[in-house]
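Asks: Sequence:
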Amino acid sequence: MKKLLFTVLIAASCSACITSKTGKTLQFSAKQTLALYNSVKDLEGRLPRSIDKSGNLVTSDDAYWCSGFTAGTLWYLYEYTQGDSLKIAAEMLTKRIERQQYTTNNHDVGFMIYCSYGNAYRLTGSHEYKTVIVNAARSLATRFNPAFGVIRSWDNPQWKFPVIIDNMMNLELLCEATRLSGDSSFFKIAVSHADTTMKYHFRPDGSSCHVVDYGVRKNGVYRQQTHQGYADTSAWARGQAWALYGYTMMFRETHKPEYLEQAIKIANFIINNPRLPADKIPYWDFDVPNIPYALRDASAGAIICSALIELSAFTEKMLSEKYLEIAKQQIKTLASFQYLANVNTNGNFILKHSVGHFPNNSEIDVPLTYADYYFVEALMRMKKLKIKQ
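In this text, residue positions in the sequence shown follow the working numbering: the first is 298, and each later residue adds one.
Wrong hints could be hidden among the right ones.
What the hints assert, rightly or not - Here are the in silico distance ranges between beta carbons for each label pair:
no., residue 1, residue 2, range
1, E341, S617, 39 to 49 Å
2, G342, S317, 38 to 48 Å
3, N569, T439, 33 to 43 Å
4, T439, S351, 17 to 27 Å
To be verified - Within a straight-line C-alpha distance of at most 27 Å, the following computed DSS-like cross-link-like pairs (lysine-lysine) qualify:
no., residue 1, residue 2
5, K338, K350
6, K427, K496
7, K328, K350
8, K321, K629
9, K328, K318
10, K328, K683
11, K562, K384
12, K321, K338
13, K680, K629
14, K318, K384
15, K553, K614
16, K619, K318
No lab work stands behind these hints, which were simulated from the structure alone. Think of the CB as a built atom: it goes at the ideal place given N, C-alpha and C, for glycine as much as any other residue.
Throw the hints in and build the complete structure from the sequences for me.
Replies: Right under this line is the structure:
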């Protein structure tokens, strides 16, 4: 009985610890991201991207695939604080990417619009935001090829019909657009893409390749490659994160048991991988040869963390507890001095040590907007989970 009571007390103490850590980190994130906004608010049309080797802020225009993430982060932080300054900042950066609702030359309109306008509509209910979401879904839908059953990712002569695992993240925009417009074609495209990706992107162990070229088929198999990972046969960490998040989200949207099974298979590949470090923040690729000296990727860790929190709500008790425990450990690590920036450092981004495109020597060991976005989302999801419990 004493042993049981001790165990219960330890569990309660750990729960209180993560709750306190979550609140403090959200408060810090609000101040830091508002400072980031202040650094670009007078730069017409510019949006945060990263920092250079000297620590100077790097910005982008609205056409860059990450243009919507800082606005989305500000919306989440406004939701937490209800602070007017955060709402004003979120509104301004959201407005800067408005024209991307008409983008048809790449699949990233889902990242651009849903992370920004999707959160804006969720929190305000504004008809203006609703219209942009539906228009963006129409734009994204133009890239769907019914013969292949998937949405084309890139228009690049290097591939004939490339689809990257990242594209799973854009399906949430389509599902939302069906709810908002009543047009079921968006939803059907999302399901077709998820079904086809599940068939051709994954290996028996649950890991995913990065790129499938549906225009090149040999012996009945579409060509599988990588662009940002270590090798065609390796498990690029952020790719596994996109896959986990994407199928967890698609189960939420459809309740198809196949998607839950796929999400569990991906999650188990990640968390049981012998090359996942003890602190649960992955190396940039699970198969890069210089582990344990390879760089970590905080962005992959943040995406996995957010996905595991949601997945824990869809799984049975023992598995749910396991996923949630990993997510708590990831939050603890990311909120530690190893990854969390000091005030007014790191270009005013929240997290350090992300890896963008290692093979291209681009954005190596720097802060990235999507790392911050999914980290804050994970914190908010953990906070809401604690309230429900």
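Asks: When the structure is checked against the list of hints, which entries are broken? Sort them ascending.
Replies: 4, 6, 11
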